[in-house]
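> Start from the sequences, fold in the hints, and give me the full structure.
Number of protein chains: 2
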Amino acid sequence: MANDRATFGSDLHLELRGTRLRAGLMDALREAVRSGRLEAGTRLPSSRSLAADLGMARNTVADAYAELVAEGWLTARQGSGTRVARRAAPRPPEPPAPPSPPSGTGRGRTAALVHNLQSGTPDLASFPRADWLKAYRRALTDAPNEAFGYGDPRGRPELRTALAEYLARARGVHARPERIVICAGFVHGLTLIGEVLRARGVRDVAVESYGLWLHDDLLRRAGLGTPALGFDERGTRTEELAGLDGCGAVLMTAAHQYPLGGALPPDRRAAVVDWARASGGFVLEDDYDGEFRYDRQPVGALQGLDPDRVVYFGTASKSLAPGLRLAWMVLPRELAREVAAAKGAVDWSSSAPDQLAFAEFLRSGAYDRHVRAMRLRYRRRRDQLVAAVAAHSPETRVSGIAAGLHAVLTLPPGAEQATLRAAAWRGLAVQGVNRFRRPAVPPTLDGLVVGYATPPDSGWQGALRALCGVLP
Amino acid sequence: MANDRATFGSDLHLELRGTRLRAGLMDALREAVRSGRLEAGTRLPSSRSLAADLGMARNTVADAYAELVAEGWLTARQGSGTRVARRAAPRPPEPPAPPSPPSGTGRGRTAALVHNLQSGTPDLASFPRADWLKAYRRALTDAPNEAFGYGDPRGRPELRTALAEYLARARGVHARPERIVICAGFVHGLTLIGEVLRARGVRDVAVESYGLWLHDDLLRRAGLGTPALGFDERGTRTEELAGLDGCGAVLMTAAHQYPLGGALPPDRRAAVVDWARASGGFVLEDDYDGEFRYDRQPVGALQGLDPDRVVYFGTASKSLAPGLRLAWMVLPRELAREVAAAKGAVDWSSSAPDQLAFAEFLRSGAYDRHVRAMRLRYRRRRDQLVAAVAAHSPETRVSGIAAGLHAVLTLPPGAEQATLRAAAWRGLAVQGVNRFRRPAVPPTLDGLVVGYATPPDSGWQGALRALCGVLP
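In order, the protein sequences belong to chains L and F. With this note's numbering, letter number 116 in the first sequence gets 116, and the count goes up by one each step, no holes. Just add 472 to wherever you are in the second sequence, counting from 1, and you've got this note's numbering.
These are computed hints drawn from the structure, not numbers from a lab. Take the hints with a grain of salt, since some may be wrong.
Unchecked claim - With the C-beta cut set under 7 angstroms, the calculated list includes, among others, these residues of chain L facing chain F: (1) Glu-71; (2) Leu-140; (3) Phe-148; (4) Leu-305; (5) Arg-325.
As the list claims (entries may be wrong) - Not close to chain L: a few residues of chain F, all C-beta gaps over 12 angstroms, as computed: (6) Arg-628; (7) Gly-657; (8) Ala-773.
Unchecked claim - Okay, the calculated beta carbon distance ranges per label pair: (9) Arg-641/F x Arg-435/L: 41 to 47 angstroms; (10) Gly-553/F x Gly-280/L: 30 to 36 angstroms; (11) Glu-637/F x Gln-78/L: 36 to 42 angstroms; (12) Thr-916/F x Gly-79/L: 33 to 39 angstroms; (13) His-392/L x Arg-641/F: 57 to 63 angstroms; (14) Ala-52/L x Asp-840/F: 31 to 37 angstroms; (15) Ser-871/F x Ala-57/L: 28 to 34 angstroms.
Glycine included, C-beta positions come from ideal geometry on N, C-alpha and C.
So, in structure tokens, the structure goes:
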């Protein structure tokens, strides 16, 4: 019974496909109403006569009519038969679909983006699919039934326990599982903290001179001001905190300033912690790429110095992949309950199987192996970047290279815009330092932020050549 | 090299474990500072002498000191040696960990919860682990590299396409992939809509007389009022909408009222759509268990009647498992862009591998098979519930049984609280109807909401017996 065809009323055709007769008839009637072929008020043939036309059982048609009455498409009134309901009017034709927004962080100015050296994304081609699948399989097999339920808003205890162990070992973070809250990315965590701080009466959260605007936007949306701390060749001037009135927290990338790349020097680390202790404020430590340090051991997290005043944020977005939407916060005692409540009130948690898979990935050592392998690979790229720039543009200084997935290439004063235009012309997506400058900070630097982790291996050499081609 | 022991200063012992000497030394020093065994200002032995004590290379100790200076634990000053930093003060001992909040929707009053008939959760033991894993494996294998990146805030296109097809077929929803937004649960979606409606100047969102308080809370938190529509034996009095001034939307469970269980009758479905068209308002259709209808085909979604005025919400929380945190919205043309922007501004998306796995699960027919199997199983339980209640308590009316994962047992006036106490005494977790009553609605009903899908098969008969034991 492939395509029956029924005619009734004037020239009405109903296409019936497949074997599920009643469902097919209902679909066809809905579509006829939707498209306007069956107008509001039109009286339908009796179920008996339509059944005869279609070679169906009468009950099938009568049931279909009854369902559509229940759904509101048709009306049935004693003596007036079954009619198309008034409100099921046809809809005007739709405009063509709007184009998808660009995915990722891309804002390339040219249509043909060939090379991508934008920072913020690891090499997605290196996602350890086989190892991750292995962890996922084991996690799904071993999961208790309750893991598939709503669960604790802080996240799965298995993952919080594995993270507490890992963070202590790899980042010097003093974490207890009950102080850890799993979230769907740094931005989710920052939103929760912003909400909690605002509810506590905090007016301002200080930020660094350079950083992601998205973070400022989020804090401002929570009703917080975002004064920017000064910046010099030694990094963020945290000593300025003591002079900021009404500032209840500071957002820092202490281990590897984003995007300029330095580690906060010891005296300035000390100044942040001193300020937090003296003022009762909090340090929001965004440890986005803490695992990737090339020349010596990673600089331990600030959090270890004072777990009661530092909120530590970590993420799998740089070490594994942003697409997993897995991140974590380690909270001071004071805030742990409030943040868990803020998250729990709206029950956003990450997928439980993913959390269990990540716990297994950590416990089995697969995470350490992956990070080590990626560290070697990114370090090799960094060395190639430094060598290529030295060869093609000896004047250009490469900085921020001790760690992370990006480097900063300093350009001659005023040269940033022209260089970015030349890059776009060559199909090279790369960002300028000034894109990360907070609005109130005067422009003093020109340069490129080069995300050398971004391209897959196959695209790396080409991207590097394109980059060298636009340097002075 | 299992446990070396070093003594210096007065009686200070550093435990060194494992083979990573420098890291182990750093951990031990941090721990000694944290615990107060090394006091602020204490001068450490020279790297040479500590190295000799520990049998380490001097460089290892010097490097560890340098790292800890960089991290702020120690200070090094010319002529003064290496000292414990002032700010790395010991932390007071912590109070014992607070107990975990109860997981799921449980608010049982007894410590020993033996039987769980609370509504809102499917049988978690029936999660189709093997089929889901198969879909996950295929999805992870086939995923393009870009799927591991940040992605479109609306969600993966593969999943939105698969859902558009499924929702049209199974629920009569008129969906185009670009109007679908994936979210992490109904509550996430409702939060986004609340934010968008508020930003559009909407003052109130009407709700039904009975429902989840969490949903009211969310809307109120967005700054919206939540007037409740009246309720009678035919369901929610949607005709009252026309008399509500300043009401910009209405939240409805049209296919299966939660928790009372009826389907909204045709004239009242019509009244909702009429109101939305006349007033320019929106219907927020919470189709939480639309797949589970037992006595005839599911009642199609209201959305099909007017996709330009209805926001459709669906979820995998009842059909698969809440732990996946997968839900979806189908948006009217007017709202699609604003909701995608609200979601994108904070980049909360569900895990990309999960979304791809769910798309594969839908496409392969595994979802249909699972829903069919669960429908049979839940229907059997429903029939057993009805039979058991009829046998033990013939006066008790069972309603709301044509669909869904729960039923309502009507109790004699005033008997609800006593019955709940008797249930708690027997270790039976079950909810009263009045727990779902909006504050402004006068109490007129007494009854139990029985989530018959909740227990695993092994617990079902016992739960049923416990329930019958507390009925009049």
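> It remains to establish, for every hint, whether it holds in the given structure.
Now for the hints, and whether the structure bears them out:
1. Glu-71: holds (4 angstroms)
2. Leu-140: Given a least distance of 5 angstroms, the restraint on Leu-140/L holds.
3. Phe-148: It holds, given that the least Cβ distance between Phe-148/L and chain F is near 4 angstroms, below 7 angstroms.
4. Leu-305: holds (5 angstroms)
5. Arg-325: For Arg-325/L, the interface hint holds, since the closest Cβ of chain F sits about 5 angstroms away, which is under 7 angstroms.
6. Arg-628: For Arg-628/F, whose nearest Cβ neighbour in chain L is about 9 angstroms away, the distance does not exceed 12 angstroms, so it is violated.
7. Gly-657: It is violated; Gly-657/F is separated from chain L by about 6 angstroms at its closest Cβ, not greater than 12 angstroms.
8. Ala-773: violated (8 angstroms)
9. Arg-641/F x Arg-435/L: 41 to 47 angstroms: holds (46 angstroms)
10. Gly-553/F x Gly-280/L: 30 to 36 angstroms: holds (33 angstroms)
11. Glu-637/F x Gln-78/L: 36 to 42 angstroms: holds (39 angstroms)
12. Thr-916/F x Gly-79/L: 33 to 39 angstroms: holds (36 angstroms)
13. His-392/L x Arg-641/F: 57 to 63 angstroms: holds (58 angstroms)
14. Ala-52/L x Asp-840/F: 31 to 37 angstroms: holds (32 angstroms)
15. Ser-871/F x Ala-57/L: 28 to 34 angstroms: holds (31 angstroms)
Hints 6, 7 and 8, counting from the list given before, are not met by this structure.
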